[in-house]
Amino acid sequence: MFFEWGKIAVLGASGKMGSGISSLILQKMAYQKAANPSKQIQLILIDIDQNNLNQLKKQLKKQLIQFAEKQIIYLRKCVEQNLHLVSNEEVISNFLENSMEIVEITEDYHSLKDCQFVFEAITEDIELKVNTLKHLSEFVSLETLFLTNTSSIPIALLSKQVGLDQNRILGFHFYNPPLKQKLVEVIALTAKSKDMGEKLALELNKTAVFAKDVAGFIGNGHFIREVHFACELAREVSKERARESAISLINQVTQTLLLRPMGIFQLVDYVGIDVCHHIMKIMQKYLPEPTLEEPLLLELLQKGVKGGQHLDGSQKDGFFKYADGKPSQIYTSNGYKDLSEHLLIVPFNYTWKQLTSIDASQRQQMLQDYFQQLEKQETFEAELALRFLFKSAFFAELLVDTQVAASKEDVKKVLMLGFYHLYSPFDVVKEVPYG
Amino acid sequence: MAKKVFAAAGYTTVFYGPGRNEFNPKSMPPFEHYLEETAAGTCKQVLLPEFDEGIIGSFMSARFIKQANLCGFLPFMVPSLEGKPCTAVEGACGTGGRAIAMAVRSILSGLSDSVFVAAFEMQNTVKAVYGADILAGAAYYAKERKSGNAFFFPGIFAMRAGAYQQRYGEQKTREAMALWYEKMIQNARLNPKAQEYHNSSLDLFQLGMTKPDPDTFLPYLNLYDCSKVTDGAVSIVIASEDGLKKLGIPLEAAIEVIALGEAQGDITKQPDEPTFFSTTHIAVNKGLAKAKIPLTEISLLELHDCFTICALLALEASGWAKPGKSAEFIGSEQVPLINLSGGLCGFGHPTGASGVRQLVDLLHQFTGKAANQAAPKTPFGMLISMGGNDKTVTSVIVSKT
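Chains as they are written, first to last, in the numbering used here: chain D, 29 to 463; chain Z, 1208 to 1608.
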């Protein structure tokens, strides 16, 4: 245990990330309370979306039960003296009841008084975040630390515009889904808040990677630039074929030939087209790149196509429609049409899934051999893959050169833990050929 | 025995559970499917499947699938049992042995010439964490469950393993258990119906040597020491000589049940000596005495290895290995041939069904129908079916016809 939980709030609790953060913190709190039932612990969940808050309660319960089932040995020890709790079912039921007593769902900001932390997980919109945090700060104590889940907005900007001392605001960016994802990007403005960020990451059993306070940080600093490049490539390739065919090809190439869990456009769908668009606008404003915003994303948004997930985790429509979690149709300006498979020659027939089960040191050599083989292929698809890979390496180097990431190792951690990449571009690209 | 009793027409379904490639917990066949399949499998081997009686064994169907009155399913499985006497039998994981014993009694009493015996269990209907509570009913629940381990029965046998280790040496015990695991999986890989048939792990012995972790599971036992959670059904015919004729089963397709050794321990009492299966000792010796053959005449054995430590203790309780010497015995060229089916560790353990499954495997070995066919050196085989913590034990001694 790295610190004692007391009173915590989550703002935006019923959103995709907010609900995951709420569940994660509730489980940690409940774990401590199980050993010490008289402990005063409270988790306050706030959201303007009342409809989703009922759904949130159900989700929290379901995830608490799954957590309790895994912790049954510990929980039985905690209730050793309680002779009424005999079976695992009774122990888990008791745990669930006690844990849900920690939760308070409210709209009343007065409940936030004396909070240790407020986790902010509302929409990635500067004005909304600033206004909300400003309003909240009137209700909390001077010791309350604000942790923002922003994945792109500079923390110093939020600190200044909200009027919060830099010690009192910390960037604490969870990856999706917060319950399972090991990575958290931490952006601290002071040594004191950095120290708290480290403790909190340890308590939540996360791997913290510290980033410099530059828009996009490490994760989006790499990902959004890749998305922008993918859209550029799509425009280029669609000079010779239909746009949807270009998008589908680039998606397939980035998944299959670059050995990633999903293609770049499917990943945009996963993160959310609206979220990506917001982030692009923010990064566009605060970074020296001439352009990062993408008209292609705006086109989909204007048609109401946003991607992202439903609360149950199922994928919403975006660049693709999905069946059983896999892309089945592709967006065109005239509606969705069936996806056609592009024939790709994959060296050694490797797949991402297959390589995840191989020992890391053996996999390293396999990847070296793979990319050497890919370079020998003289197909259009292989060339696309390599161009994307070299660009990815360039973006990774940029993050280190501009000190957004402290080291290549930190970029690698973010890509491998946060995006489930099997390798960092530094591992397989000897020299980046261009900018 | 007062008259000759035979076993024939044995059938086992695939034993499904984690480990089988096709296992999908979200889409499992319902229990009726297993019952129908095993009945059809047995009846197909019988020219005229008109039995005098039916017996069905299951340990905890009332909780796993919320179904009791199981004898009501016998006419569903075998229509000719409609209007005939049907009985449900329960003796925890020793249910199979008790079901066989009840059928043998019916034949010996003259009440029946042929008995259709089925046994099954569906355990994948609940998560293992809750299944543990259900299976704890094989012990004295009211007095033992609260203080028991989260996974209960693994905890019970972990304590026996701990006592064995303390007495005979940690390394030696661990190696014996790992070797047992290795042998059972190797046998299961030769048996298409076994739960571990698809097991392709490279170094089984090393897996068996995994250091037990009391924080995540148990002291003294690792996951490889434990048989898995299984769904499966099995059936066989027990008949007199006249019964076989009426059913149209030739003698060469049957084996003779020459003796039963049955013993019950007091479930409310803890074992006097945790390194010794006292009830198994009684049951095996009774069976041998009734069969009038020495232990050394048994060339095929199916023993109840719900946990690897149980194999060591059963071998010593039976007399094949001296106390503390199971490790040497398991590592040697064994007589008898043991658990060629894969045993409970390899074939799987649908709790109520295992005893009958053991008899089916002895039948198949002696009639040349086994998947992992051996050449037994004598015509005698034995099964040991154990319920609870060495409480409800049946040994069945058979002879090739």
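Check the hints yourself; a few may be wrong.
As the list claims (entries may be wrong) - Listed next, the in silico DSSO-like pairs over lysine-lysine satisfying Cα-Cα at most 30 Å (straight line):
#: 1; chain 1: D; residue 1: K89; chain 2: Z; residue 2: K1418
#: 2; chain 1: D; residue 1: K85; chain 2: Z; residue 2: K1233
#: 3; chain 1: D; residue 1: K381; chain 2: Z; residue 2: K1435
#: 4; chain 1: Z; residue 1: K1251; chain 2: D; residue 2: K98
#: 5; chain 1: D; residue 1: K98; chain 2: Z; residue 2: K1353
#: 6; chain 1: Z; residue 1: K1251; chain 2: D; residue 2: K89
#: 7; chain 1: Z; residue 1: K1251; chain 2: Z; residue 2: K1418
#: 8; chain 1: D; residue 1: K98; chain 2: Z; residue 2: K1435
#: 9; chain 1: D; residue 1: K44; chain 2: D; residue 2: K208
#: 10; chain 1: D; residue 1: K234; chain 2: Z; residue 2: K1452
#: 11; chain 1: D; residue 1: K90; chain 2: D; residue 2: K67
#: 12; chain 1: D; residue 1: K354; chain 2: Z; residue 2: K1273
#: 13; chain 1: Z; residue 1: K1334; chain 2: D; residue 2: K61
#: 14; chain 1: Z; residue 1: K1418; chain 2: D; residue 2: K210
#: 15; chain 1: D; residue 1: K141; chain 2: D; residue 2: K105
#: 16; chain 1: Z; residue 1: K1251; chain 2: D; residue 2: K208
#: 17; chain 1: D; residue 1: K98; chain 2: Z; residue 2: K1334
#: 18; chain 1: Z; residue 1: K1353; chain 2: D; residue 2: K61
#: 19; chain 1: Z; residue 1: K1251; chain 2: D; residue 2: K381
#: 20; chain 1: D; residue 1: K105; chain 2: Z; residue 2: K1418
#: 21; chain 1: D; residue 1: K404; chain 2: D; residue 2: K365
#: 22; chain 1: Z; residue 1: K1435; chain 2: D; residue 2: K89
I should point out that these hints are in silico values taken from the structure, not numbers from a laboratory. None of the values given here were measured: they were computed from a predicted structure.
Now the hints, each set against the structure:
no.	hint	verdict
1	D:K89 to Z:K1418	violated, 34 Å
2	D:K85 to Z:K1233	holds, 25 Å
3	D:K381 to Z:K1435	holds, 26 Å
4	Z:K1251 to D:K98	violated, 45 Å
5	D:K98 to Z:K1353	holds, 18 Å
6	Z:K1251 to D:K89	violated, 50 Å
7	Z:K1251 to Z:K1418	violated, 47 Å
8	D:K98 to Z:K1435	holds, 18 Å
9	D:K44 to D:K208	holds, 13 Å
10	D:K234 to Z:K1452	violated, 71 Å
11	D:K90 to D:K67	holds, 23 Å
12	D:K354 to Z:K1273	violated, 37 Å
13	Z:K1334 to D:K61	holds, 25 Å
14	Z:K1418 to D:K210	holds, 26 Å
15	D:K141 to D:K105	violated, 34 Å
16	Z:K1251 to D:K208	violated, 51 Å
17	D:K98 to Z:K1334	holds, 11 Å
18	Z:K1353 to D:K61	holds, 21 Å
19	Z:K1251 to D:K381	violated, 44 Å
20	D:K105 to Z:K1418	holds, 22 Å
21	D:K404 to D:K365	violated, 34 Å
22	Z:K1435 to D:K89	holds, 29 Å
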